[in-house]
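So you can see what is in the structure, the chains are spelled out below.
Number of protein chains: 2
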Amino acid sequence: RVGEDWIFLILLGLLMALVSWVVDFAIAICLQAQKWMYGGLESNVFLQYLAWVTYPVVLITFSAGFTQILAPQAVGSGIPEMKTILRGVVLKEYLTFKTFVAKVIGLTCALGSGMPLGKEGPFVHIASLCAALLSKFMSLFGGIYENESRNIEMLAAACAVGVGCCFAAPIGGVLFSIEVTSTFFAVRNYWRGFFAATFSAFIFRVLAVWNKDEETITALFKTRFRLDFPFDLQELPAFAVIGIASGFGGALFVYLNRLIVQFIRKQKTINKFLMKKRLLYPALVTLLVSTLTFPPGFGQFMAGKLTQKESLVTLLDNRTWAKQGIAEGFDYIGNSQAWNHPQVNVFVTLVLFIVMKFWMSALATTIPVPCGAFMPVFVIGAAFGRLVGESMAAWFPDGIHSDGTIYPIVPGGYAVVGAAALSGAVTHTVSTAVIVFELTGQISHILPVMIAVILANAVAQSLQPSLYDSIIRIKKLPYLPELGWGHHEKYNIRVEDIMIRDVTYITLNCCYRDLHDVLLAGHLKTLALLESKSMILLGSIERAQLQALLSLQLGRPRRLEYLRDRATAEKKRLSMVSHPGSEDGSQRVNQEVRFQVSTVLTTHTELNVTLFEVSHVWSPQYHTELNVTHYEVSHVWSPQYHTKLNVTHYEIAEWEENQLDEQVNFDNCKIDPAPFQLVERTSLHKTHTIFSLLGLDHAYVTSIGRLIGVVSLKEVSDTDHLDVRILCIFRHTFTVNTEAVPLQF
Amino acid sequence: RVGEDWIFLILLGLLMALVSWVVDFAIAICLQAQKWMYGGLESNVFLQYLAWVTYPVVLITFSAGFTQILAPQAVGSGIPEMKTILRGVVLKEYLTFKTFVAKVIGLTCALGSGMPLGKEGPFVHIASLCAALLSKFMSLFGGIYENESRNIEMLAAACAVGVGCCFAAPIGGVLFSIEVTSTFFAVRNYWRGFFAATFSAFIFRVLAVWNKDEETITALFKTRFRLDFPFDLQELPAFAVIGIASGFGGALFVYLNRLIVQFIRKQKTINKFLMKKRLLYPALVTLLVSTLTFPPGFGQFMAGKLTQKESLVTLLDNRTWAKQGIAEGFDYIGNSQAWNHPQVNVFVTLVLFIVMKFWMSALATTIPVPCGAFMPVFVIGAAFGRLVGESMAAWFPDGIHSDGTIYPIVPGGYAVVGAAALSGAVTHTVSTAVIVFELTGQISHILPVMIAVILANAVAQSLQPSLYDSIIRIKKLPYLPELGWGHHEKYNIRVEDIMIRDVTYITLNCCYRDLHDVLLAGHLKTLALLESKSMILLGSIERAQLQALLSLQLGRPRRLEYLRDRATAEKKRLSMVSHPGSEDGSQRVNQEVRFQVSTVLTTHTELNVTLFEVSHVWSPQYHTELNVTHYEVSHVWSPQYHTKLNVTHYEIAEWEENQLDEQVNFDNCKIDPAPFQLVERTSLHKTHTIFSLLGLDHAYVTSIGRLIGVVSLKEVSDTDHLDVRILCIFRHTFTVNTEAVPLQF
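So the sequence lines, in the order shown, correspond to chains A and B. Its first residue numbered 1, the first sequence is counted upward by one per residue in this note's numbering. Its first residue numbered 1001, the second sequence is counted upward by one per residue in this note's numbering.
No lab work stands behind these hints, which were simulated from the structure alone. There's no promise every hint is true.
[Stated by the list, open to error] In silico lysine to any residue, SDA-like type, Cα no more than 25 Å apart, as pairs:
#1 B:Lys1222 with A:Gly404
#2 A:Lys533 with A:Thr507
#3 B:Lys1222 with A:Asn318
#4 A:Lys277 with A:Pro72
#5 A:Lys35 with A:Asp497
#6 A:Lys266 with A:Ile244
#7 A:Lys686 with B:Lys1136
#8 A:Lys525 with A:Ala548
#9 B:Lys1222 with A:Glu496
#10 B:Lys1686 with A:Lys533
#11 B:Lys1533 with A:Ser703
#12 A:Lys476 with A:Ser703
#13 A:Lys533 with B:Ser1532
#14 A:Lys533 with B:Asp1565
#15 A:Lys98 with A:Gly65
#16 B:Lys1222 with A:Pro408
#17 B:Lys1475 with B:Asn1340
#18 A:Lys670 with B:Arg1494
#19 A:Lys670 with B:Asp1667
#20 B:Lys1272 with B:Ile1029
#21 B:Lys1525 with B:Lys1222
#22 A:Lys686 with B:Lys1686
#23 A:Lys525 with B:Lys1686
#24 B:Lys1098 with B:Ile1069
#25 B:Lys1670 with A:Ile498
#26 B:Lys1309 with B:Phe1294
[Said to hold, decoys possible] Anything over 10 Å on all C-beta distances counts as not near chain B; from chain A, calculated:
#27 Met392
#28 Asn457
#29 Leu477
#30 Glu542
#31 Arg556
[What the hints assert, rightly or not] Stretches of chain A that chain B covers, calculated by requiring three or more beta carbons in the stretch to come under 8 Å of a beta carbon on chain B:
#32 13 to 21
#33 75 to 81
#34 182 to 190
#35 198 to 205
#36 213 to 219
#37 428 to 440
#38 529 to 539
All residues carry an ideal CB built from backbone N, CA and C; glycine is no exception.
Just need the whole structure built from these sequences, with the hints factored in.
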């Protein structure tokens, strides 16, 4: 019963809750240490600056170096990679223990530095790592059902757990993970995500209670907006404005982030310099960002001394900052004080905060450390919402409602809306709405939040890909991009317009030479098998199967058999010549040969390297080129043996030629009899759907059973025309000349 | 631009919000009228009883009769049917204007009667009807892209709108509709649901504000639980108990509901009697239920005078009903008074309410009127939660928390948890959690709700199918049931174990007689086309295509052509005989024949009914059987024509036999060259996934291209073994004898 899903999910949830809590705890200590250092050096501004700057630079540099050395795969958010993995693509080293360690430690250091980075994306990756490792660990106890589709289901649940335990938001976590990682979602897997994410969020919050941080289980960023009259109908246009502006802002963020990466890549001199000293780029960026946020310096105008969490808490405050009516105003207590500068207005502070954090976050997320962009964007969105809310509050000091009772405007509600809208725009998701409800513990602003998030999504989706899709393109991961909506031409493009007509294939009565040629020429993973005369597609065969067939035909056992036969014949001839009629002698000689052959066999059994693994095929003309092969050849066809048996090199070549000319016997070969087939007239839209649904990477195009082309997922490069020409080239060598082979049954 | 998705979705949302609001308004008036009548007759209990009972009986009977006459498809919830339609099955008459009218009016009357019925399920159906009709309407303006997959996408969005505008719960609506109607969900359609449901919920609530029912947009059943300490960690076991008990309760509800339906069906005498007078059953059930809830009668012990909505509002009250500590207790104001009986305890009232409403709801939902079961179950769940909460409050009068501050227990929170858990158990969904948050406007109880809902689902799913799946089975709708989780055997069953080996097929060089035989023998929609010798599957052809081929071969144009040829030959012979060499005469006669033939052609062009539409094939032995055919035949082969041309019946038969013996020419025939293929070794699990994913109803099983079997969705009956033997019989006539045809290429 160890293999039961629910046990696995509980363990996963428990583990991730612990990881999340420990990481949070470590980050909090790091940030406290920085504050303590900064506070202790108040007498000397220069020393203070040094401490303020050095600390994050050291942490980020360590994080970058550590990740680089241990597992470079741990760099970045991880959501794009998980999206690709859930699509069915195997990415090497992405789900190993090394990566897990690198990601957790790298992330803790990166976030402990106080840079504008997030933990959500990496937590999706960490949870998947956890799931993969746990799965391996539990299979040691046996009983677990090892199955690829089960693994994918578990990884999908793990993504939900990642978001869920990061924000204590089980529902939002499940939905967000579905939106960012899946194209088609099996509703039957839904409960797994909910179960694991709820359990994880529960444990995560219980740990906080046990640690006496909280009295009971509540939301992470609890708000206390009034319930009876959360907002007025007439405030809705302001919320819509936040949504639309956030849409543009989100698209700009994605664009800026990509621009920075591409700029750094293109500048060859900078690039060379930075590549040589891999840690210089992170250090420089950190230096720049932390210098600008130095509280006694420019930081005083942008609440620089607040950590990300503190900023968010203050932004979601349900009191109004801007002075209302007379001069009484709001007395800034605690962290809120950071927003109140004696010289400048709170509006100026907010605008500066938004502008500076915007480019800083876009820049910081390009640093090669484990980090996400969700939280920084969320905070910027909250600040923008707060700005609009404060403006509204200043504009309507007594609220808008006209029915006697005064309901003042709640700028904190605007901050909630802004946070959901901007993060929704950057990630192209609507579930950020649910995440803010779970984060704040209040759902009273549901309609404004939904309206803003939907508008933000509409604007952002029409301008830019999501941040994760943008990273997928930058990293050139093998992912089928979305078709987008509203493009009607996708219904008019047919498979025949985009298919490759030059398909590499083998026929049912081909000879081994054809196999040999096909294997040497291309490097396709699977090959089409056709009926010889009619060109009807019978199935597809994996490359490995064909290699096995070929090595069976030309391999050592058959060579030895040939030698044995030859030797027997030779000896027989010799004995016939020397001692005609002497049965005894013939038998002796025969035994001798057998002994020799078995010696050869025992000598060479340790040479498990079959020749095909070296050169794919072993033919005389190759011997001169490949020294290794020659060496191995001489081992098998050992010279002393040659002389004894009189096997000349010419004879070997002749034998090989004969072997290659034999017809292939496919009897024991695994053939996939139903590779996916499309028709010439299938639309691009349908093709795209089928490819996404079934996770295909190629499909054959047939006409009445006859193979006429192939469409396949382009594996790399050519990112410019991805939208339309999503389906493209494998490298093909042989040609099916469809004109030359008329349809004859 | 009329065809743009977002315009469609806005219109749909607007329309549904209006419908929902008007229906609610009408229901409220109906209920008020009953109260007014009941109140006005307070002097005479008997008259009061008559009024209390007659009113709902009349309304329900009208609803049942109206629905029965106008559109019997409008009966019931509609979610099972929508689930089937979204699966790709076409259900006739389910999406027509008639059904829409019947559903809306029937629902209003049914709910206006005050019976324990809900509006959620029917609203899913109504929204889908709206979408289908709107789609038709908008296509009048042109520009709309008519596409089957687009229609399905729009229907999925409509389901979300239905739930969304019913509860003003956009997020819960989207999730609930996904859970109850889909097996695989395309994330790219997600936004449609959110967009439309949000807009709809917004308008629905704005209408309430404009109508001065509300001051601003808030939740439908707003609660006011305290935010700072919603519940104590030590209360969680009680919430878990609610979840588990709700799981059992939900399963019992589904079982009870099915039992009642089956009981009524099996009892032949009752059944006969009820069927004759179709309206008797609804009237009797309503009489029983309303008699029991009569407030001065038994109703006083179960808050009988409260409507469903009022009950829910009082149950979610955040005050405690049970007396705490000393005698002060809670003063029952307004509707809450109904729960306070002078003689009996509030606990007794609650228990009676739960028990009575439980079977009443299960019974009421079997009445043939448009109605859902969600809301009644929701209320029962809330009552159960309240019961547990009140017990807890009585047990711990000062709350559980031990840290000085007293946080009394909030029984209303328990009611929220109970409502979500029981409705989740009955429908097998977790999104009821989100629905309660949106309904109450508070998310503070998120963890207890999630825990209870998940536990309830785990228990209920292992005991019974969901209510909707249960109805699907009762109604024998063509739906592929879920495989369920944890059954490992599904991985071990292979396609070869369940496939049908007798496949009807046609070969590429078959003659028309074979086509004719195949068409007469079976009634498959598509037929397999095989290569003649090797039995390789080349594709599938639709029945209609084959009929067209056959009618082309034997149809009127060819008959006329044959006659024309014959006539020409005859005339030639005649003219040769009478005026040998006279070119002029021959030409005249020829013209005459042409005239005759063209007369025949013009006479019969109005007879657009091709003969195949009558009898599928037109062969002499049929003439005697089918009078219609004979009539038509005599039209074409008109007697006066026969005599002139000397075409005897025997000759016609001979001609037909010759035609049938010709080889079929598939050149202009639409062949689907890539029907879905499986392999013998494909597991049932994978087959099930592929069938659900692609909405298939059959797939061929091939072995190296050769057809060896077929698996198809069993269309009706045999509900007992649905779990394992999901894939079954088409009716096949011809046999592929796999042993007799060895694999030879």
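Structure-based check of all given hints:
For the hint linking Lys1222 (chain B) to Gly404 (chain A), the alpha-carbon distance of about 22 Å falls within 25 Å, and the restraint holds. At roughly 9 Å between alpha-carbon atoms, Lys533 (chain A) and Thr507 (chain A) fall within 25 Å of each other, so this suggested pair holds. Between the alpha carbons of Lys1222 (chain B) and Asn318 (chain A) the distance comes to roughly 20 Å, so the proposed pair stays at or under 25 Å and holds. At roughly 15 Å between alpha-carbon atoms, Lys277 (chain A) and Pro72 (chain A) fall within 25 Å of each other, so this suggested pair holds.
Proposed proximity of Lys35 (chain A) and Asp497 (chain A) is contradicted: the alpha carbons are some 62 Å apart, above 25 Å. Of the pairs offered as hints, the one joining Lys266 (chain A) and Ile244 (chain A) is violated, with about 33 Å between alpha carbons and a cut-off of 25 Å exceeded. A distance of roughly 23 Å separates the Cα atoms of Lys686 (chain A) and Lys1136 (chain B); the hinted pair therefore holds under the 25 Å criterion. The hinted pair formed by Lys525 (chain A) and Ala548 (chain A) meets the criterion: a straight-line CA distance of about 14 Å does not exceed 25 Å.
This hinted pair does not check out: Lys1222 (chain B) and Glu496 (chain A) have alpha carbons roughly 58 Å apart, beyond 25 Å. For the proposed pair Lys1686 (chain B) and Lys533 (chain A), the alpha carbon gap of about 33 Å is over 25 Å, so the pair is violated. The straight-line distance between the Cα atoms of Lys1533 (chain B) and Ser703 (chain A) is roughly 19 Å, inside the 25 Å bound, and the hint therefore holds. With a C-alpha separation of about 33 Å, the suggested pair Lys476 (chain A) and Ser703 (chain A) falls outside the 25 Å cut-off, and the hint is violated.
Of the pairs offered as hints, the one joining Lys533 (chain A) and Ser1532 (chain B) holds, with about 14 Å between alpha carbons and a cut-off of 25 Å not exceeded. Straight-line distance between C-alpha atoms of Lys533 (chain A) and Asp1565 (chain B) comes to about 40 Å, which puts the hinted pair past the 25 Å bound. For a cut-off of 25 Å, the pair hint linking Lys98 (chain A) to Gly65 (chain A) stands: about 14 Å separates their Cα positions. A threshold of 25 Å between alpha carbons decides the hint, and for Lys1222 (chain B) with Pro408 (chain A) the separation of about 21 Å falls inside it, so the pair holds.
A C-alpha spacing of about 42 Å is found between Lys1475 (chain B) and Asn1340 (chain B), which places the hinted pair above 25 Å, so the restraint is violated. Proposed proximity of Lys670 (chain A) and Arg1494 (chain B) is supported: the alpha carbons are some 17 Å apart, at most 25 Å. The straight-line distance between the Cα atoms of Lys670 (chain A) and Asp1667 (chain B) is roughly 35 Å, outside the 25 Å bound, and the hint therefore fails. For the proposed pair Lys1272 (chain B) and Ile1029 (chain B), the alpha carbon gap of about 36 Å is over 25 Å, so the pair is violated.
In summary, the hint linking Lys1525 (chain B) to Lys1222 (chain B) is not supported, as the alpha carbons are separated by about 54 Å, beyond the 25 Å threshold. Distance check on the hinted pair: Lys686 (chain A) and Lys1686 (chain B) sit about 21 Å apart at the alpha-carbon level, within 25 Å; holds. With a CA separation close to 23 Å, the supplied pair Lys525 (chain A) and Lys1686 (chain B) stays within the 25 Å bound. About 10 Å separates the Cα atoms of Lys1098 (chain B) and Ile1069 (chain B), which keeps this hinted pair within 25 Å; it holds.
Using a Cα cut-off of 25 Å, the hinted pair Lys1670 (chain B) and Ile498 (chain A) holds, with the two alpha carbons roughly 22 Å apart. At roughly 17 Å between alpha-carbon atoms, Lys1309 (chain B) and Phe1294 (chain B) fall within 25 Å of each other, so this suggested pair holds. With a least beta-carbon separation of about 15 Å from chain B, Met392 (chain A) lies farther than 10 Å from that chain, consistent with its non-interface assignment. With a cut of 10 Å on Cβ distances, Asn457 (chain A) falls inside the contact zone with chain B, its closest approach being about 7 Å.
The beta carbon of Leu477 (chain A) sits about 18 Å from the closest Cβ of chain B, which is more than 10 Å, so the claim that it is off the interface holds. Its beta-carbon lying about 14 Å from the closest one in chain B, Glu542 (chain A) satisfies the requirement of being farther than 10 Å from that chain. Non-interface call for Arg556 (chain A) relative to chain B: holds, since the shortest CB-CB distance, roughly 30 Å, exceeds 10 Å. Check result for the region 13 to 21 of chain A against chain B: violated, 0 residues qualifying (beta carbon to beta carbon below 8 Å, three or more required).
Figure legend: the region 75 to 81 of chain A, annotated as covered by chain B; annotation inconsistent (0 residues with Cβ-Cβ distances under 8 Å, at least 3 required). Restraint check on the region 182 to 190 of chain A versus chain B: 8 residues with Cβ-Cβ distances below 8 Å, three needed, restraint holds. Counting residues of the region 198 to 205 of chain A whose C-beta sits closer than 8 Å to any C-beta of chain B gives 4, which meets the bar of three, so the coverage hint holds. Coverage of the region 213 to 219 of chain A by chain B holds [criterion: at least 3 residues with CB-CB distance below 8 Å; count 5].
Counting residues of the region 428 to 440 of chain A whose CB falls under 8 Å from any CB of chain B gives 5; the rule of at least 3 is met. Counting residues of the region 529 to 539 of chain A whose CB lies closer than 8 Å to any CB of chain B gives 7, so the stated coverage by that chain holds, three being the minimum.
Hints 5, 6, 9, 10, 12, 14, 17, 19, 20, 21, 28, 32 and 33, counting from the list given before, are not met by this structure.
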